[in-house]
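Peer 1: Protein chains in written order, with my numbering: chain Z, 54 to 546; chain U, -9 to 427.
No lab work stands behind these hints, which were simulated from the structure alone.
The beta-carbon is built from N, C-alpha and C at its ideal position, and this holds for glycine as well.
A couple of the hints might just be wrong.
[To be verified] FRET-style restraints, in silico, Cβ to Cβ:
hint, chain 1, residue 1, chain 2, residue 2, range
1, Z, Arg128, U, Lys70, 50 to 58 Å
2, Z, Asp343, U, Lys20, 47 to 55 Å
3, U, Leu120, Z, Gln464, 51 to 59 Å
4, Z, Gln137, U, Asp51, 53 to 61 Å
5, U, Gln313, Z, Gln464, 46 to 54 Å
6, Z, Asp130, U, Glu404, 41 to 49 Å
7, Z, Leu112, U, Gln313, 20 to 28 Å
8, U, Glu401, Z, Arg502, 39 to 47 Å
9, U, Glu404, Z, Ala506, 38 to 46 Å
10, U, Leu120, Z, Asp463, 38 to 46 Å
[Unchecked claim] Simulated coverage check for chain Z against chain U, where a stretch passes if three residues somewhere in it have a Cβ under 8 Å from a Cβ of chain U:
hint, segment
11, 459 to 466
12, 478 to 490
Residues per chain, in single letters:
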Amino acid sequence: MPAVQETVDRVRQIDVDQYKYGFVTDIESEKAPIGLSEDTVRYISAKKNEPAWMLEWRLEAFRRWLTMREPTWARVDYPKIDYQNAYYYSAPKKKPQLSSLDEVDPQILETYKKLGIPLREQEMLAGVVRPEGERRVAVDAVFDSVSVATTFKEELKRAGVIFMPMSEAIQEHPDLVKKYLCSVVPVNDNYFATLNSAVFSDGSFVYIPPGVRCPMELSTYFRINEANTGQFERTLIIADKGAYVSYLEGCTAPMRDENQLHAAVVELVTHDDAEIKYSTVQNWYPGDADGKGGIFNFVTKRGDCRGKNSKISWTQVETGSAITWKYPSCILRGDNSRGEFYSIAISNGRQQVDSGTKMIHLGKNTTSRIISKGISAGKSNNTYRGLVTAHRKATNARNFTNCDSLLIGDQCGAHTVPYIEAKNSSAVFEHEASTSKISEDMLFYCRQRGMSAEEATALVVNGFVKDVLQQLPMEFAVEAQKLISISLEGSVG
Amino acid sequence: MNADIRAIKTAAEQGLATSFAGARGALPGKGAVASLRDDAFKRFETQGLPNRRVEQWKYTDLRALMREAKPLAGLADVRKPADIAAILSGVDASLVTIVNGRYAPEWSDKNAADPGIVLAELFAWLAENLDYKLGEMPGSDDQASLLNTAFMSGGVGLRVMRGATVAKPIHIAHVFSGDAAAAMYPRSVVVVEPGAHVTLVESFSGPDGIDYQVNSALELSIGEGARVDHIKIGYDGNAALRISTLGVTVGAKATYKDFAYTTGGAVVRNQTFARFAGERIDAFIGGASLLKNKQHVDNTLVIAHAAANCDSRELFKTVLDNQSHGVFQGKIIVEPHAQKTNAKMMTRSLLLSDEAEASQKPELEIFADDVVCGHGATAGALDPGLKFYLMSRGIHEKEAETLLIQAFIGEAIEEVAHEGIRDDLNLAALRWLGARA
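Next comes chain U alone, as it looks inside the complex (with noise of 0.2 Å):
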């Protein structure tokens, strides 16, 4: 607070500084897209890597956890990613790979198959959508989303049409695919038109060992009467650092359901902000996380009611085993006008060890009378008392934890809508505490 900030740039700042010069030419996007990443990255470098000194970054100190800048991901060496089925094993989904932050048709399935969307590479997307302006979306001015808009290599570029129901989720699925570390910087752009209905899945997968950076961007814009249910899933590598925005913006009357699933790399941000601009929205934003070893993973939430009669809920739960760190920082801002809204948010997590860390930040900053707006946060260990019952049942200890802990992080997965993606993480959740044990 009181120390002057500093002028002196880390190595990972000058890391990306000099990967910018160098790769500013060969970047995607002429015109309109180099000057804007020309301006994101002057804005970044103005402030450098968020630290515990930006109040949104107190928890996850980027200048210290992000020690250098790791070389910009090629297309070289890139193999078909083998295990992509795997991720969501019991669901048909249609596939979008996006390998190395670059959208991979031949692996992807042919999209065409439903003819509620339209789909193709970001780039080429955005040429033939004029009218969308790319870059504008809620918390395009966050540190991590500059950084992003500067270096973005592509992604996908969807839009759902006015009134269709896309059947198959759309699952794009970012993986990393190398032997030696490299960065990535996929941004994709969803526009789901009014009346759509989609379920979208997000995931992010690498290999373990190799200390890859991912800094992913999506922009989502929902429309009237619209239902989007979009799904986050983070199976990185063991070593891996990502940091994930999504920045959403949501129509009068649109259902929405965001859901984000943690269990992989070393450190991760999921960070949301939404901005809901019309009125009668129901929206629910949740997740959960099970982390071990010394993972840190940070969910947080920026969220603009900007329209009156708005519901918003929130539930996130995240498990600590070892040295873990969970850090949850969410805020609901009720803007003047916004009146009868109807926000709560929950946040609870479960430390296993006694290594493990959370912190949690519930925030509301509210500017309307007319409101029902609360925030719960607990942490706490398992009750002993729950686990003596199961084991005077006859249940073993680790089993009986086993048990209380599934009943824990089921109750976040619940909210999943889709019941195949549900099941599939519920499983998944199975799979680490089976390993725990």
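This is chain Z alone, in the form it adopts within the complex (with noise of 0.2 Å):
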């Protein structure tokens, strides 16, 4: 199909145009030295005022990170990391003694407001009259490295549900971070992990007590605004004996030139009985048309269905960061516990995903299901990347992938690499995947019926991805479907 010249001017702005999230918000922080060392270390410890078990910990996962390599082995391609060239914390500059929601700078209100992240509920609830049913979400807004705000913290303590920052459970909750912290990703599991155990600096615990099905989602937005600054955030979900959490995450960054590194850990763990939903949109800076700029997304995702009957349900909108390296797992340790991974993944410009998931099953009659669908554009490539394996002991385990590709332009790349292992005979695994561009014969047909070229390619990419869409949460199933129109703008020519 011939390019109508308004599409090949869109085209050329598309990487720097659609990204609407990469203003800077000009604000006083207050940074770490420059370089990665044990000072720096120490100094994001005694920043967070932690106890002296946590500093060993991280200089432990430290002096580890030292021995360890990059891993080589994923489809991305990207410049060396100089490690020693970054800022591994930075605050804002606080007032002192901040105690409540409006003592938070203005500045940084505003720049949730403009995120579209409300984190005033007398705001949320005041004035307009409320839909009967609609879900409200208690946010923690975490501002380079450290939590600024947290919503509905009384109204969730009420239900028992701990949420606050990392920092403040270390404080308040040692008992329960020591158990939980690391059983699920090892402090030495990866690279990329490791680094994140010696300078993590903020993220979100969450742990929600037997038989509480939390009151509201839950959820975490992370924004980078300082330049050269990394940021290492840790999240901490526990569902204990019958309990039931659904947790959301978004992220963006400002524009900019030089590359920033994002090395997050998630961990989740679910008792006998409990379900967690963990839901991302993950829409960081992706770099300009020439690959220029964007964040290095190296993100260690796993949860740990650590009791029978337990469900971990991953779901994933990706559609920024220059490179995304980034695999959420299930250990399906219990009994008849089941994992799920609903992933899309897009990628334009010069974008590099390498994505997929682990499913592990360990315990009895355990299921699992993969869907994925990866949709490259532009000069992207896009990798799916995902092993499922069924232990000796992990009799009736039970598999469903299916992970499509959809291809439009012929200089992006899609690549598919599964790795199915099965150990016992009752183990029943189906895998099937796809690769192809949109039919012509769709486009066809939607034209004739009026549309324009690119509004027939988003209804199809819609269609095509609609699977994963379901399983969103409504307030962000809207938003993504919305991200994905952006995405892909301008691809088609």
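Both chains are given apart, each in its own frame, so use the hints to dock them into the complex.
Peer 2: Below is the structure:
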């Protein structure tokens, strides 16, 4: 199909113009000295006023990290990261004694408002009559290295739910933190997870007590603002027996010419009959059309279905980041436990995505389901990399995997690298993958009905990713759908 | 991932180095061939034996599976192999025997019977075909392939003349003969000129109970519009370790069918590196493996679609009994500009025992947008519903299982185009199932 001038122009601008979260908040901040050494680790720990055991734990991770090498197996290509030329801690300068939301720097509040994240509970409640059944969302807002606000704390507390920044949890619930931190992702799990263990700054801590269904959705909104700064958040969610929680995560960053590192660790633990639903809309700055700038997103996410009949469900919409290296996994340890992974990964410009999941079946009668939809456009590369394995004792393990890739344009790549390992005969694994471009017939049909080429593409793509979008909580689904049409804008021509 | 890759050599690696230093002068081929050997061994040494940290060898860790390097097989105690005829009993084929890695014309059929082919001992053939560049096949930089290049002891060179239709299948039988374990490195070259038709069978056999080692390689080059059926039969002795590399380049409009049938050997790896260099190729690559006890069989494929408008299909079936381990790795690469590629890959494993293990890794690497590519993989046990149905019809349980397994594996064997060979393989599968029951 010949490209109209309008489309050509739009393609040229796409990666710069489409990213509406690329603004910078001009705010004074306090940073650790540049570089990474034991002193940096001590600095961060001191800033957080951490107990000695935590510092020791961090230092041990740091020493371990020094002996490790950066992994090279993923299909991503990026300039060598200079770990000494970045800041590992950056926090907006605080007024003393921050006791209520009113004292949060108005500029930060403004930032979140611009991002569409409401931090003021009263604002959310005032005025408009809320439609029946509309859910409220409690937000933990992380700005560079610190959590600036957490909403609905009181209401959650009444339900017995603990939802607070990690740094507070270390002070207030050291027993829980000690018990669960690193119990899913060991300190030395991989290069980036170990780095995170040494220098992690903030993130959310969630504990849902036995039998409690969390009264509202919890969410964390991550924002990198400062230049040359890495973000290393750490999230830990525990659902005790029979508990349920749905957790959302969103992220954005300003447009900058340099690459910034984001190395997070997320650990989920479910006990008997518990369920965690974890949704992510990842929209870090992807870099410009020539691949300049953008976030390097190296994330370790893992859930442990520790109890029987427990369930962990990952849903992700990946549209941002220059490099995505992310494999949310489930360890299905408890009998009858269930793991799910729903993913939409969209790459455009020169983005590189290497993402997938691991389903490790250890318990009996465990089931898992993987639906992965990759869409590559522009000059991007999009890889699905996944492992499904059944242990010898995991009788009746069941997996269904479906990964489809869609290519838009002839300069992008779509790759599929699944590993399927069955170690007992009662395991039943099914895997299917397909790669194709948008069918000319479908486009023709839509265009014949009066749609423009881009509308038609958006329609087909939305149909393609529908299975995954349906898994997202309402608030996110709408946002994600918009995001998808923006990401692909101008990719047809 | 994180640990430093070691510098220590295993006993097998040291053995190979000693073996190479000792045999270097005596191995056939001088000049260019000798420097090809030196270069290959040097490259092999920098990496050593492939191990689980090498992605392509993830499931077949040779450093663990190959404990020692056996001495090079000699010709001193070679006896006439008795049972080659039994390998393809119902097929009238031209036999080419390769014993302990060397061509044995006295036990081969005289190829002169077919005017369409020219066949000679490898190094003699190379001397006649100076335009042929040895060691440039796809996959020649694989570690096992490099080892073959370093030690290659001979084999045959075969040219199928332009437009010729070779009536009888050519059966290249690799045999190990001897009382003590040894290693053999046969290497053969087959050039099929444009428009020619040929059916090529490679078989591997040897005595049970001797842990001999085979590292074979075949360079196959298929000209425009040619048709080649290649069937590899693995009947190795139950203690043998065999690695077979096939590097194939396919020209435009050619039809290429490849099939690997494996029931023998303790550790077997069939690796195929194919490059589709011209347009409108029609290709099928498949395999069937029936494994028991502690057998480890690995079928690895790397298929590069370098030209547009090609079709390729892959179908691999593996039956796993006892503690056997079946590995399938298949990678389809669609290079930029290889538009309109149509590729479908399927791998299925049937686990008959709770201790058996299936590892499958179908892979797609796609750089062109107007393609239809897909793969499927399944692993599971026999369907109890189907078994029940048969039993409710008065069929004994074992027999019902046999029927179902036969149907499962039969779907793959069905793809073998040559009727006689297909029947022969079906019978062999039945014998295997008979021995199980």
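Peer 1: Of the hints stated earlier, which fail here?
Peer 2: Numbers 3, 4 and 7, in rising order.
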